[in-house]
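Novice: Residue-level listing of the chains:
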Amino acid sequence: MDQRNQFHRQVALMRQSLFDQGYIDEQFVQLEELQDDTNPNFVEEVVTLYYRDSARLIVSIEQALDKSPLDFNKLDSLMHQFKGSSSSIGARKVKAECTQFREYCKAENGEG
Amino acid sequence: MARNGGFSRRRRSGSADGFDLSPTDSEEAHVLAVDDSLVDRKFIERLLKTSSCKVTAVDSGMRALQFLGLDEEKSPVDFDSLKVDLIITDYCMPGMTGYELLKKIKECSALREIPVVIMSSENVVARIDRCLEEGAEDFIMKPVKPSDVRRLKDYMARGFRGESCERNNHKRKLHDHSSDHLFQSSSPSVSPASWSSTSLTSGSADPSSPPSVCAFPLRMSWTWGGGWFWWVGCVWEWTFLPWIQYYNVHIDPIV
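Chains as they are written, first to last, in the UniProt record's numbering: chain S, 1 to 112; chain D, 1 to 255.
Worth double-checking, as some hints may not be accurate.
Simulated pairs of lysine-lysine, DSS-like, Cα-Cα distance not exceeding 30 angstroms [what the hints assert, rightly or not]:
#1 K49/D x K103/D
#2 K106/D x K49/D
#3 K106/D x K106/S
#4 K104/D x K145/D
#5 K103/D x K106/S
#6 K153/D x K104/D
#7 K49/D x K93/S
#8 K83/D x K104/D
#9 K74/S x K104/D
#10 K67/S x K106/S
#11 K83/D x K49/D
#12 K83/D x K153/D
#13 K49/D x K74/S
#14 K106/D x K145/D
#15 K106/S x K93/S
#16 K93/S x K67/S
#17 K49/D x K145/D
#18 K93/S x K145/D
Taking CB as the label site, the calculated pair distances span [to be verified]:
#19 A55/S x K83/D: 16 to 24 angstroms
#20 E108/S x E100/D: 23 to 31 angstroms
#21 V125/D x K74/S: 20 to 28 angstroms
#22 Q245/D x E26/S: 53 to 61 angstroms
#23 M14/S x V125/D: 37 to 45 angstroms
#24 L70/D x Q10/S: 24 to 32 angstroms
#25 K83/D x E45/S: 24 to 32 angstroms
#26 K93/S x S52/D: 33 to 41 angstroms
#27 R112/D x R15/S: 45 to 53 angstroms
#28 M14/S x L70/D: 42 to 50 angstroms
#29 D129/D x D66/S: 26 to 34 angstroms
#30 E103/S x G69/D: 49 to 57 angstroms
#31 T38/S x A126/D: 35 to 43 angstroms
#32 K83/D x Q10/S: 27 to 35 angstroms
These are computed hints drawn from the structure, not numbers from a lab. Predicted, not measured: the structure shown is a model, and the values here were computed from it. Cβ atoms here follow ideal geometry from the backbone N, Cα and C, with glycine treated the same way.
Full structure from sequences and hints, please.
Specialist: Structure follows, in structure tokens:
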């Protein structure tokens with residue numbers, strides 16, 4: 001029981017740390033509020049889906065970056081998807097990076 | 001608020017090919033959610049279910065049309081019995097965008113009364129205007145919040161089928177035929193049955209308002225058999241009407 005409480009405390013601290021460092025925002029709280037007894041693993045399911053989706057998108061982005069010349073429209077489209085799902089789960093920093101990436105795509109700045 | 005005809009009348013159990021059907025309850029509103037992103041679909045589905053909605057989530061516009069019965073291909077399962085109370089769709093989707101889906105729905109007489117809400121993560125005014133003009137009930141910025149879902153419930157509860165709405169009337173207003181612009185009256189139009197008794201003086205039933213100058217929409221004369229009535233309408237418009245207006249402006253203006 002003690003160990004369980006300790007784990008809970010650790011998880012709570014990690015969670016707070018993610019908020020404090022700006023990795024997640026209030027949208028994540030919305031996600032947590034949608035979890036209840038009828039759907040106790042909702043957050044875990046959504047985050048798992050997000051990781052899978054992100055992994056797929058990152059592979060596609062890497063492949064697109066390997067091409068020459070760069071297809072900025074394709075990159076922008078992929079980042080748009082990535083940004084959308086990041087935004088839905090509250091992954092604030094990832095979303096910000098996606099926004100920045102898209103700015104570079106719009107400016108056709110391959111170096112960026 | 002009464003809900004008229006907004007619920008599934010018959011239930012379907014289990015899931016059908018490609019469609020994610022949630023457990024049914026004939027009292028719940030049925031929402032069709034369209035989004036190519038799995039994460040977003042999961043999120044919006046959960047959000048709607050916590051608001052006591054039955055949700056069908058599909059991953060593309062084509063799937064949505066197939067579900068609604070607009071697709072040319074025969075669906076393996078008969079969905080005719082399912083009624084959709086609201087369609088919420090992402091704007092940016094590969095293949096068919098949310099806007100294109102909206103257009104197809106509004107072009108179909110059987111489906112055009114279903115309220116359609118568009119979601120997007122990008123705040124592009126031209127995009128929003130275009131969707132609203134095409135007949136979308138609302139345009140929601142992603143990520144969707146519980147307050148947005150409460151608003152969606154209002155659309156469903158108000159029974160938007162066949163009813164007009166101020167928010168949805170960009171297109172409808174553009175098509176609205178106003179017969180009063182020629183007359184610029186502030187009083188209600190006189191009905192065809194009473195046009196002949198329209199007062200020509202300021203002694204109308206309501207002394208605080210000008211006489212019914214918008215008394216005789218020309219179109220009424222056409223519907224009443226053209227011919228003689230048309231001439232009467234013209235005489236009214238060209239002779240008596242200017243005198244009434246002159247009287248109101250120069251002799252006895254209503255301040």
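Novice: Could you run down the list of hints and mark each one as holding or not?
Specialist: These are the hints, each one checked on the structure:
The suggested pairing of K49/D with K103/D holds, with an alpha-carbon distance near 27 angstroms, which does not exceed 30 angstroms. Restraint check for K106/D and K49/D: the C-alpha separation of about 26 angstroms stays at or below 30 angstroms, so the hint holds. As the CA atoms of K106/D and K106/S are separated by approximately 33 angstroms, the hinted pair breaks the 30 angstroms bound. Between K104/D and K145/D the alpha-carbon distance is near 27 angstroms, which keeps this suggested pair within the 30 angstroms criterion.
A hinted pair counts as satisfied when its Cα atoms are at most 30 angstroms apart, and K103/D with K106/S qualifies at roughly 29 angstroms. For the hint pairing K153/D with K104/D, the CA-to-CA distance comes to about 23 angstroms; that is within 30 angstroms, so the pair holds. Distance check on the hinted pair: K49/D and K93/S sit about 29 angstroms apart at the alpha-carbon level, within 30 angstroms; holds. Between K83/D and K104/D the alpha-carbon distance is near 17 angstroms, which keeps this suggested pair within the 30 angstroms criterion.
Taking the CA atoms of K74/S and K104/D, the gap is about 27 angstroms. The hint holds against a cut of 30 angstroms. For the hint linking K67/S to K106/S, the alpha-carbon distance of about 17 angstroms falls within 30 angstroms, and the restraint holds. For the hint linking K83/D to K49/D, the alpha-carbon distance of about 17 angstroms falls within 30 angstroms, and the restraint holds. A C-alpha spacing of about 16 angstroms is found between K83/D and K153/D, which places the hinted pair at or below 30 angstroms, so the restraint holds.
At roughly 34 angstroms between alpha-carbon atoms, K49/D and K74/S are farther apart than 30 angstroms, so this suggested pair is violated. Taken as a hint, the K106/D and K145/D pair is honoured in the structure, with Cα atoms around 26 angstroms apart against an allowance of 30 angstroms. About 20 angstroms separates the Cα atoms of K106/S and K93/S, which keeps this hinted pair within 30 angstroms; it holds. Restraint check: the Cα-Cα separation between K93/S and K67/S comes to about 27 angstroms, which is no more than 30 angstroms; the hinted pair holds.
Restraint check for K49/D and K145/D: satisfied, since their Cα atoms lie roughly 13 angstroms apart, inside the 30 angstroms limit. Among the hinted pairs, K93/S with K145/D is consistent with the structure: their alpha-carbon atoms are about 20 angstroms apart, no more than 30 angstroms. The hinted range of 16 to 24 angstroms is not satisfied by A55/S and K83/D, whose Cβ atoms lie roughly 39 angstroms apart. Checked against the hint of 23 to 31 angstroms, the C-beta distance between E108/S and E100/D comes to roughly 28 angstroms, which is consistent with it.
Evaluation of the 20 to 28 angstroms hint for V125/D and K74/S yields a pass: the beta carbon distance comes to about 26 angstroms. The beta-carbon spacing between Q245/D and E26/S, approximately 59 angstroms, falls within the hinted interval of 53 to 61 angstroms. At roughly 40 angstroms, the beta carbons of M14/S and V125/D sit within the given window of 37 to 45 angstroms. Look at L70/D against Q10/S: about 52 angstroms separates their beta carbons, and that is not inside 24 to 32 angstroms.
Against the hinted window of 24 to 32 angstroms, the Cβ-Cβ separation of K83/D and E45/S comes to about 29 angstroms, which satisfies the hint. Look at K93/S against S52/D: about 35 angstroms separates their beta carbons, and that is inside 33 to 41 angstroms. Separated by about 46 angstroms at the C-beta atoms, R112/D and R15/S satisfy the suggested range of 45 to 53 angstroms. Take M14/S and L70/D: their Cβ atoms lie about 48 angstroms apart, and the range 42 to 50 angstroms holds.
Between D129/D and D66/S the Cβ separation comes to about 39 angstroms, which falls outside the hinted range of 26 to 34 angstroms. At about 42 angstroms, the CB distance of E103/S to G69/D disagrees with the hint of 49 to 57 angstroms. Checked against the given bound of 35 to 43 angstroms, the beta carbons of T38/S and A126/D, roughly 41 angstroms apart, stay inside it. A hinted range of 27 to 35 angstroms is violated for the C-beta pair K83/D and Q10/S, which are about 49 angstroms apart.
In the structure shown, a violation is registered for the earlier hints numbered 3, 13, 19, 24, 29, 30 and 32, in ascending order.
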